[in-house]
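> These are the residues of each chain, in order.
Number of protein chains: 2
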Amino acid sequence: MKGKFYGIGVGPGDPDLLTIKAKKIFDEVDIILAPETKDGKGSTALNIAKPHLNQRVEIIEKKFPMTYDVDVLNNSYDEISDFIKGFIDRGKKVAFLTLGDPMVYSTYIYLFKRLKLKNVEIETIPGITSFCAIASKVGIPLGENEETIAIVPSVYYKKGDEKLENILKNVDNIVFMKASGQIDGLIDELDNTGHKKGSVFVSRLGLDGQIIEEDIENRRGIKNNYLSTLVAKKNKSIR
Amino acid sequence: MKGKFYGIGVGPGDPDLLTIKAKKIFDEVDIILAPETKDGKGSTALNIAKPHLNQRVEIIEKKFPMTYDVDVLNNSYDEISDFIKGFIDRGKKVAFLTLGDPMVYSTYIYLFKRLKLKNVEIETIPGITSFCAIASKVGIPLGENEETIAIVPSVYYKKGDEKLENILKNVDNIVFMKASGQIDGLIDELDNTGHKKGSVFVSRLGLDGQIIEEDIENRRGIKNNYLSTLVAKKNKSIR
Chain W
596 MKGKFYGIGV GPGDPDLLTI KAKKIFDEVD IILAPETKDG KGSTALNIAK
646 PHLNQRVEII EKKFPMTYDV DVLNNSYDEI SDFIKGFIDR GKKVAFLTLG
696 DPMVYSTYIY LFKRLKLKNV EIETIPGITS FCAIASKVGI PLGENEETIA
746 IVPSVYYKKG DEKLENILKN VDNIVFMKAS GQIDGLIDEL DNTGHKKGSV
796 FVSRLGLDGQ IIEEDIENRR GIKNNYLSTL VAKKNKSIR
Chain C
596 MKGKFYGIGV GPGDPDLLTI KAKKIFDEVD IILAPETKDG KGSTALNIAK
646 PHLNQRVEII EKKFPMTYDV DVLNNSYDEI SDFIKGFIDR GKKVAFLTLG
696 DPMVYSTYIY LFKRLKLKNV EIETIPGITS FCAIASKVGI PLGENEETIA
746 IVPSVYYKKG DEKLENILKN VDNIVFMKAS GQIDGLIDEL DNTGHKKGSV
796 FVSRLGLDGQ IIEEDIENRR GIKNNYLSTL VAKKNKSIR
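From first to last, the protein sequence lines are chains W and C. Note that the first sequence covers residues 596 to 834 in this note's numbering. Note that the second sequence covers residues 596 to 834 in this note's numbering.
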C-alpha cells in the first residue's frame, strides 16, 4: 500500500459545514493528525471533525508553536513534516485537519510545501472559509456586481501601514482575518475610509463562545479571541 | 407548517464538495429551485446537487436572464422572488441552489435581499468557492503569512481601469472571477504588475470540459467559458 497525505479543511466551526468529501476521506485514512492549541483545550479542528470520525482511526494531536519567530516555526514545520513522512513511507494514509480552508492562511501550507518537495502524494480538500460562513450567518453579501473584496491577515498590519491604507482606499469590501489584538487600529482605519458603517465583528462562529457584534465600536480595547474576523463594506449598510 | 427559504452553495463542481449541512437540508425541503442556463443544458448547480437529492423532492428549474440590463434583471428577480414567496406562504420549504458560495457574486443575493424585506424566514448555507477549490487542486496557497488577497469580478473591469490597476499594485494575490471575455486585457495587466509568473487559469473545475492551464498566455484570444477563474500571485512561482 502506498502512503498518502491529505490536507482537509474542516470549516469554521459547525461540524455539518464539513464537505461530504472530507467525511469520505476520514473513512479511508489510518491517521488523523490535528494541531493542538496552547490553551490545553485540545484541538479545535479535531473537535469539529470528531462527530464524523470512526472508532478505528488513530488520532494524533501535535503541538505547533504559537510564535512569529521564523526559525522556531521552520524547525517545527521541518520536524512535523518529517514525522508525517515517516508514516507515509510505511504506507499509511494521514489526514491533517485545518480550520477553514487549507489554502487560506493555514499552517497546512507549510507542511504541504515541505512534503511536496519530498514527492509525497498529496490531496487537499477545500473547506468553508470563516468569511463565507459569516456572510451567510449574518446576511452580508461579501461581493455583488462590480464590488471588489480584499482579504487581509490583520496581525501583520498596524494602523497607519501604507499597504493597508492603499488597500482600504481601493477595495470595496474588506475581510480582516485574525482581527484580535490590533482591533482598535483596524476600527480607526475602517472609520477613515468609510467602511465602518457596513461592518460586523464575528468571533468563534459555530463554536462555544460565539460573538456576533454589529457595532464594532463595542470591541475596542478588548483582547479578542484569535478566531475573530471583521467584515466591512464601503459606504453601505450591511442590511 | 411555516415556510422557509434556504440558499445553498453547492460548491464549484464535484458533488462531494457539498457540505453535510446542504445534504441534510435537501432531505427537509419540499422544493429545490435551480437556475437554468441559457444553453439548454439544464442547471449546472442542479447537476452538482443531483446525486444528493431524494426522489420525493420537487425540482423546479427557473430561467434567469443572462444580461447586464439592470431593469431586465430587477424585473426578473422581483418575479422570481414573488414566485418563491408564493410557496413560502403556503408553508413550503424551498431551497435555492447556487454555484460556489451564495454570498460571493451569486444571483442568490438578489433573491435573498427581496425575500428578507418581505420578512421571509431565511437560512443561507455557505459553499466551497471556486478559488478555494482551485488553490487546493492546483496546489497554490491563496494567502500565506502577510500576503493579501483581492477578489475581482472581471466582467466589470477592462484593461486600463484605474480601480483595477490600483488593486493590482497594492494587493499580493489576485483572483479574477468570471475571467472569460476580457482575458487578454487581464493577462496584460498581470504582466505589468509582476503577477503573471505565478498565475493559473482554471475553467469548469470538477465539471465536464475542465481546463487547468498554468501558462495563461495560452488562453489569449479565446472566448473562455463563463465559469473561468484566474488566480495570480505577485512575484512568486506558484509551485
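Read the hints as simulated data drawn from the structure, not as lab findings. Possibly wrong hints are sitting among the right ones.
Note that the list lumps identical chains together, so a pair holds whenever it fits in one copy or between two copies.
[What the hints assert, rightly or not] Capping the alpha-carbon separation at 25 Å, the derived lysine-lysine pairs in BS3-like fashion look like this:
id: 1; residue 1: Lys688; residue 2: Lys829
id: 2; residue 1: Lys708; residue 2: Lys792
id: 3; residue 1: Lys753; residue 2: Lys658
id: 4; residue 1: Lys792; residue 2: Lys687
id: 5; residue 1: Lys818; residue 2: Lys708
id: 6; residue 1: Lys753; residue 2: Lys708
id: 7; residue 1: Lys792; residue 2: Lys713
id: 8; residue 1: Lys758; residue 2: Lys658
id: 9; residue 1: Lys599; residue 2: Lys753
id: 10; residue 1: Lys618; residue 2: Lys645
id: 11; residue 1: Lys773; residue 2: Lys792
id: 12; residue 1: Lys597; residue 2: Lys758
id: 13; residue 1: Lys758; residue 2: Lys657
id: 14; residue 1: Lys657; residue 2: Lys753
id: 15; residue 1: Lys818; residue 2: Lys618
id: 16; residue 1: Lys688; residue 2: Lys753
id: 17; residue 1: Lys753; residue 2: Lys616
id: 18; residue 1: Lys792; residue 2: Lys711
Computed from a predicted model, the values in this text were never measured in an experiment.
> Each hint needs a verdict: does it hold in this structure or not?
Okay, the hints, checked on the actual structure:
1. Lys688 <-> Lys829: neither (46 Å within a copy, 34 Å between copies)
2. Lys708 <-> Lys792: between (40 Å within a copy, 18 Å between copies)
3. Lys753 <-> Lys658: neither (28 Å within a copy, 47 Å between copies)
4. Lys792 <-> Lys687: Neither, since 51 Å and 36 Å both go past 25 Å.
5. Lys818 <-> Lys708: Classified as neither: same-chain Cα gap 33 Å, cross-chain 34 Å, threshold 25 Å.
6. Lys753 <-> Lys708: Result: close neither inside a copy nor across copies, 29 Å intra and 35 Å inter.
7. Lys792 <-> Lys713: Classified as between; 24 Å across copies, 49 Å inside a copy.
8. Lys758 <-> Lys658: For Lys758 and Lys658, neither the intra-copy (33 Å) nor the inter-copy (43 Å) Cα distance is at most 25 Å.
9. Lys599 <-> Lys753: neither (40 Å within a copy, 43 Å between copies)
10. Lys618 <-> Lys645: both (10 Å within a copy, 19 Å between copies)
11. Lys773 <-> Lys792: For Lys773 and Lys792, only the intra-copy Cα distance (20 Å) is at most 25 Å; the inter-copy one is 29 Å.
12. Lys597 <-> Lys758: neither (46 Å within a copy, 49 Å between copies)
13. Lys758 <-> Lys657: Answer is neither: 35 Å inside a copy and 44 Å across each miss the 25 Å cutoff.
14. Lys657 <-> Lys753: Neither, since 31 Å and 48 Å both go past 25 Å.
15. Lys818 <-> Lys618: neither (35 Å within a copy, 37 Å between copies)
16. Lys688 <-> Lys753: Close neither inside one copy (41 Å) nor across copies (46 Å); limit 25 Å.
17. Lys753 <-> Lys616: neither (38 Å within a copy, 37 Å between copies)
18. Lys792 <-> Lys711: between (44 Å within a copy, 20 Å between copies)
When each numbered hint is compared with the structure, violations occur for hints 1, 3, 4, 5, 6, 8, 9, 12, 13, 14, 15, 16, 17.
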